[in-house]
Amino acid sequence: MPWSAHAKLVIPTLEKRRTLFAQNGGCDPNAGCSHDNATNAVVCTCKTGYTNTGVPPTVTCADSCSLNNGGCDPNAECSHQREDFSVVCNCRVGFVNVGTTNLVNCSDGCYVNNGGCGVNAVCSHNLTTMVIQCTCMTGYTNSGNGTNLVCTDSCKVNNGGCDSSAACSHDSVTFAVVCSCSIGFVRSGCDITAGCIDSCKVKNGGCDENAACAHDNLTNAVVCTCNKGYTNTGFGNSVYCT
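Sequential numbering of the sequence shown, starting at 1, is according to full-length UniProt numbering.
Don't read these hints as lab results, they were simulated from the structure.
Just so it is clear, CB atoms sit at the ideal spot from N, CA and C, and this is done for glycine as well.
Accuracy of the hints is not assured; some may be wrong.
[To be verified] Below, a list of computed lysine to aspartate or glutamate pairs in the EDC-like style, where the Cα atoms sit at most 16 Å apart:
#, residue 1, residue 2
1, K47, E83
2, K228, E209
3, K47, D108
4, K47, D63
[As the list claims (entries may be wrong)] Per label pair, the in silico range of CB-to-CB distance:
#, residue 1, residue 2, range
5, D153, G99, 33 to 39 Å
6, A194, N105, 48 to 54 Å
7, K201, S238, 42 to 48 Å
8, Y111, Q23, 48 to 54 Å
9, G99, S182, 54 to 60 Å
Just need the whole structure built from these sequences, with the hints factored in.
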């Protein structure tokens, strides 16, 4: 009888070991096999990085990243830690984490500090890669080097592309560059960046055909003076030579 009693104690222990190590106790390959402390029944528990997709009592373990993106933000990529295979959420290109390390919340990068672009730049995304792109606003020119975008008032960079005899300013509504020929000069063409030439070289500066066109020494404004033998019969600033 003592031997039989002893045998009864040993047999469950062997069965327990066999259940644990033979075919993982019937558990999913990605599950850990253990026993219920009270009943000694097999308990299958999905390993870290896996989620149970089975219907009780069946335990079927699937890669957590394949289910609802592993619980990550819709704009995050789900992956696993090399060490313990736990889920890792990383914001996709063009998005930044505005949450915490453990609770990743991905926001459009352009909505956070203008995507790192300057205050005078527009933040957008590459349509293919979603990489952030910084583009200077209208009226500003990139004065930086390479990928270092520095948006400077265009009028301060090569006179905004205006002629050297023109003044650079901005449209009050669009802030686009406006080139205005300086006093004593007129535009040589219809384009906004057309060169400015001496007014006296265009239709005699607006002077009477019997007058000489010159410029005021101080203001460079056009000055019309009747030629020898002609008299100014105009009034005020109007010069008529007869």
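The hints, checked one at a time:
no., hint, verdict
1, K47 x E83, "holds, 13 Å"
2, K228 x E209, "holds, 13 Å"
3, K47 x D108, "violated, 33 Å"
4, K47 x D63, "holds, 10 Å"
5, D153 x G99: 33 to 39 Å, "holds, 37 Å"
6, A194 x N105: 48 to 54 Å, "holds, 52 Å"
7, K201 x S238: 42 to 48 Å, "violated, 21 Å"
8, Y111 x Q23: 48 to 54 Å, "holds, 52 Å"
9, G99 x S182: 54 to 60 Å, "holds, 56 Å"
Comparing the model with each numbered hint stated earlier shows that hints 3 and 7 do not hold.
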